[in-house]
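Since the structure of chain A is already known, use the hints to place chain B on it.
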Amino acid sequence: MFSFFRSRKSSAPPADVAPSSATTQPAGAAAPAIDRAAPASDGGGWLQRLRSGLARTRERLGANLGSLFHLGAKVDEAWFEQLEEALLMADVGVTATRRLLQGLRETARREQINDGAALRSLLSSQLADLLRPLERTIVLQDAPPTVVLFVGVNGAGKTTSIGKLAQHLLNDGQQVMLAAGDTFRAAAVEQLRAWGERNQVPVISQAQGDSAAVIFDAINSARARGTSVLLADTAGRLPTQLHLMEELRKVQRVAGKALGGAPHEVLLVLDANTGQNALAQVRAFDDALGLTGLIVTKLDGTAKGGILAAIAAERPIPVVFIGVGESLADLRPFVAQEYAEALLA
Amino acid sequence: MLENLTQRLSTVVRTLRGQARLTEANIADALREVRIALLEADVALPVVKDFIQAVREQAVGMEVHQSLNPGQALISLVHKELTKLMGDQAVGLNLATTPPAVILMAGLQGSGKTTTSGKLARLLKEGKKKVLLVSADVYRPAAIEQLRVLGEQLGVDVFPSSADQQPVAIATAARAYALTHFHDVLIVDTAGRLAIDEAMMAEIQAVHAAVNPIETLFVVDAMQGQDAVNVARAFNQALPLTGVVLTKLDGDARGGAALSVRQITGRPIKFVGVGEKVDGLEPFHPERMASRVLGMGDVLSLIEQAQKGVDVAEAEKLAKKIKAGKDFDLEDFKSQLQQMKKMGGIGSLMEKLPGQLAGAMPAGQDHEKSLARVEGIINAMTVQERRFPALLKASRKRRIAAGSGVQVQEVNRLLNQFEQMQKMMKMMSKGGGLAKMMRGMKGMMPGMGG
Numbered sequence: 093m094f095s096f097f098r099s100r101k102s103s104a105p106p107a108d109v110a111p112s113s114a115t116t117q118p119a120g121a122a123a124p125a126i127d128r129a130a131p132a133s134d135g136g137g138w139l140q141r142l143r144s145g146l147a148r149t150r151e152r153l154g155a156n157l158g159s160l161f162h163l164g165a166k167v168d169e170a171w172f173e174q175l176e177e178a179l180l181m182a183d184v185g186v187t188a189t190r191r192l193l194q195g196l197r198e199t200a201r202r203e204q205i206n207d208g209a210a211l212r213s214l215l216s217s218q219l220a221d222l223l224r225p226l227e228r229t230i231v232l233q234d235a236p237p238t239v240v241l242f243v244g245v246n247g248a249g250k251t252t253s254i255g256k257l258a259q260h261l262l263n264d265g266q267q268v269m270l271a272a273g274d275t276f277r278a279a280a281v282e283q284l285r286a287w288g289e290r291n292q293v294p295v296i297s298q299a300q301g302d303s304a305a306v307i308f309d310a311i312n313s314a315r316a317r318g319t320s321v322l323l324a325d326t327a328g329r330l331p332t333q334l335h336l337m338e339e340l341r342k343v344q345r346v347a348g349k350a351l352g353g354a355p356h357e358v359l360l361v362l363d364a365n366t367g368q369n370a371l372a373q374v375r376a377f378d379d380a381l382g383l384t385g386l387i388v389t390k391l392d393g394t395a396k397g398g399i400l401a402a403i404a405a406e407r408p409i410p411v412v413f414i415g416v417g418e419s420l421a422d423l424r425p426f427v428a429q430e431y432a433e434a435l436l437a
Numbered sequence: 000m001l002e003n004l005t006q007r008l009s010t011v012v013r014t015l016r017g018q019a020r021l022t023e024a025n026i027a028d029a030l031r032e033v034r035i036a037l038l039e040a041d042v043a044l045p046v047v048k049d050f051i052q053a054v055r056e057q058a059v060g061m062e063v064h065q066s067l068n069p070g071q072a073l074i075s076l077v078h079k080e081l082t083k084l085m086g087d088q089a090v091g092l093n094l095a096t097t098p099p100a101v102i103l104m105a106g107l108q109g110s111g112k113t114t115t116s117g118k119l120a121r122l123l124k125e126g127k128k129k130v131l132l133v134s135a136d137v138y139r140p141a142a143i144e145q146l147r148v149l150g151e152q153l154g155v156d157v158f159p160s161s162a163d164q165q166p167v168a169i170a171t172a173a174r175a176y177a178l179t180h181f182h183d184v185l186i187v188d189t190a191g192r193l194a195i196d197e198a199m200m201a202e203i204q205a206v207h208a209a210v211n212p213i214e215t216l217f218v219v220d221a222m223q224g225q226d227a228v229n230v231a232r233a234f235n236q237a238l239p240l241t242g243v244v245l246t247k248l249d250g251d252a253r254g255g256a257a258l259s260v261r262q263i264t265g266r267p268i269k270f271v272g273v274g275e276k277v278d279g280l281e282p283f284h285p286e287r288m289a290s291r292v293l294g295m296g297d298v299l300s301l302i303e304q305a306q307k308g309v310d311v312a313e314a315e316k317l318a319k320k321i322k323a324g325k326d327f328d329l330e331d332f333k334s335q336l337q338q339m340k341k342m343g344g345i346g347s348l349m350e351k352l353p354g355q356l357a358g359a360m361p362a363g364q365d366h367e368k369s370l371a372r373v374e375g376i377i378n379a380m381t382v383q384e385r386r387f388p389a390l391l392k393a394s395r396k397r398r399i400a401a402g403s404g405v406q407v408q409e410v411n412r413l414l415n416q417f418e419q420m421q422k423m424m425k426m427m428s429k430g431g432g433l434a435k436m437m438r439g440m441k442g443m444m445p446g447m448g449g
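Just so you know, the protein sequences line up as chains A and B, in that order.
In terms of our numbering, the first sequence opens at residue 93 and continues consecutively.
In terms of our numbering, the second sequence opens at residue 0 and continues consecutively.
Please note that the accuracy of each hint is not assured.
In silico DSBU-like pairs for lysine-lysine, Cα to Cα no more than 30 angstroms straight-line [unchecked claim]: (1) B:Lys83 <-> A:Lys342; (2) B:Lys276 <-> B:Lys124; (3) B:Lys333 <-> A:Lys342; (4) B:Lys368 <-> A:Lys349; (5) B:Lys368 <-> B:Lys392; (6) A:Lys342 <-> B:Lys276; (7) B:Lys340 <-> A:Lys342; (8) B:Lys48 <-> B:Lys83; (9) A:Lys166 <-> B:Lys48; (10) B:Lys340 <-> A:Lys349.
In short, the hints are calculated from the structure, not lab data.
The following block holds chain A by itself, in its conformation from the complex (with noise of 0.2 angstroms):
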């Protein structure tokens, strides 16, 4: 089983929790728990489910990198060619394709390495080796409650995965809060109400004020009633809206009015199918609140996420989880060597 948060204390037990978490999940959330019986080496599904979309991609575009990195394959200049052009089109950019191409150019010289297949895996575990220190795991606050602010441009997915965040936590034997801090879109605070009703877990919001109101509101609340995650959702924003910027970092010092050392964690969620523009959100906010994690999302689709590479190589901001699909089976830790396999296949 695995996990993406990670309690300092070794509590959480995991052997009971999963019947008692069964009894507070509506009918309809059954998946969930047939997943977290399986073991954790089951990453071969999500694999498989990536490898699925993609090769969907590769019949289109006819760009079949299989043929690449066949036993025998010929490396020559085309060979380099079509390797870059796979590399662009999985947005991993111009720049961290060259320097990709580069590294994996010397090597084979160096090394006398002309065979595609055993090129093919030299370049995964380079870009594994370049992906890795982006593993992370959370881990949990001595003292409740843990909080968690997640941020991220307008529709990258923060409430959703705060509301599939919820609810493995809950499977996890954890209390949650949630802290509806998107007082600006229409509807937003009813969508994590949404969620909070389905996971059966308190939604903190207010009919007016603004985000570090209600944050500041919540963080006390989780703490009177001794919650141990409290996730706060704010509203999407561009990075280029300054003053929008600004009043994150509010967001930011009111939490720590609140609870010392709150928000313990910044997490920016980043929509798989962004190109370029990822690495500037990264730079952005990071700038402005100090990340500590990203979550990428809508992994599901054709798109690779390859912008990942150049965020490893620019701006290592470690990520705390992935998201490969609709249900929460589908969220997932992030593997460095998983992702450069599914980046290549």
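Chain B in isolation, oriented as in the chain A frame:
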């Protein structure tokens, strides 16, 4: 972000200087730079390749106009071709049918369909249309509620639906309602869906068949990367799209997805979404988008951004004051700084400037920071001092420096800059015009760094 095509090309162009004709050989390097620029703007690779090929064919043998160097000639060709690809002119909505004219919204999750539906409703309402909104998104929690709230804010009718209904049934009922209640337009918002989700794609096809929309708009996030081609192709195959809406264009993404989608679907981009407020829907300008994708600076949008950010009343007050021959004081200076911040700060303004101009700003300095410092110094002054800067003598300056945490020299520097600015304002009031002022500005900008 300042690393734009024009700047990049300038090094390549140097080798081209003096050649009167573009040849396969002498444009190869330059085209490579164009390719990189397009890829960095997230234009999908297959689209980039086709585009470069087309430009190469046109460029080879082209004579270079006397006033241009070969590099400039190439850039202007690239720009022209890109504009053509984006669609030469703006295309509006087609609502010429027996009412209700149905508009169907389609796209990925989080692309901005619901927000765009609201914006579209507002636009049509202003055009004196009677609009009905309906949400067929039975999946995302509170999506229906979101559209209901938007409709309420806009004063537009919303057909009630609920999450336990079928999307096709909702759309059909809404159309029947619109028909009997004399609505001119029905906007059907749908759930976000993945192009590879066959069940969901079949669902939207069924909705399409049920309401027979005259406009089927594909909503695309301007920040989308290479996958835009796949998604656009799948949606285009599943649905007879009639147009594209490009959203979140108020960010700093170069928006290459626009080109990918336009190329794959062949459908015009009808609107662009800027900002989350309901009035943030604008017609698409192919020319501006081409400049933006190429990183050539978006001066027109800069001007619009400036106009939006400026508090008109405040600006008029200042203009009146200057016209009346009154002195421009530090209080006014401060309000100007605040206006600048409202426009998104220097960084965001600079990104929209073309390379040459942006390059003229001193590099490596944090302009936001130095501006904040200037504001801090002014804040440390009393109102009296701001109104009559002549009061500021050594001891007051020391107090201000201590109060704002800077050295006295910085206070002096600020006052010098301020004096220059005052002179400029005087020039303006005497009718010297903008040109004179711009010349004055040129000397000033580098000094801002403090």
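Now for the hints, and whether the structure bears them out:
1. Between Lys83 (chain B) and Lys342 (chain A) the alpha-carbon distance is near 45 angstroms, which puts this suggested pair outside the 30 angstroms criterion.
2. With a C-alpha separation of about 16 angstroms, the suggested pairing of Lys276 (chain B) with Lys124 (chain B) holds against the 30 angstroms cut-off.
3. A threshold of 30 angstroms between alpha carbons decides the hint, and for Lys333 (chain B) with Lys342 (chain A) the separation of about 23 angstroms falls inside it, so the pair holds.
4. Our distance criterion of 30 angstroms between C-alpha atoms is met by Lys368 (chain B) and Lys349 (chain A), whose separation comes to about 25 angstroms.
5. Of the pairs offered as hints, the one joining Lys368 (chain B) and Lys392 (chain B) holds, with about 26 angstroms between alpha carbons and a cut-off of 30 angstroms not exceeded.
6. A C-alpha spacing of about 22 angstroms is found between Lys342 (chain A) and Lys276 (chain B), which places the hinted pair at or below 30 angstroms, so the restraint holds.
7. Between Lys340 (chain B) and Lys342 (chain A) the CA atoms are separated by roughly 17 angstroms; this keeps the pair inside 30 angstroms, and the hint holds.
8. This hinted pair checks out: Lys48 (chain B) and Lys83 (chain B) have alpha carbons roughly 16 angstroms apart, not beyond 30 angstroms.
9. Taking the CA atoms of Lys166 (chain A) and Lys48 (chain B), the gap is about 24 angstroms. The hint holds against a cut of 30 angstroms.
10. Taken as a hint, the Lys340 (chain B) and Lys349 (chain A) pair is honoured in the structure, with Cα atoms around 27 angstroms apart against an allowance of 30 angstroms.
Hint compliance for this structure: hint 1 alone is broken.
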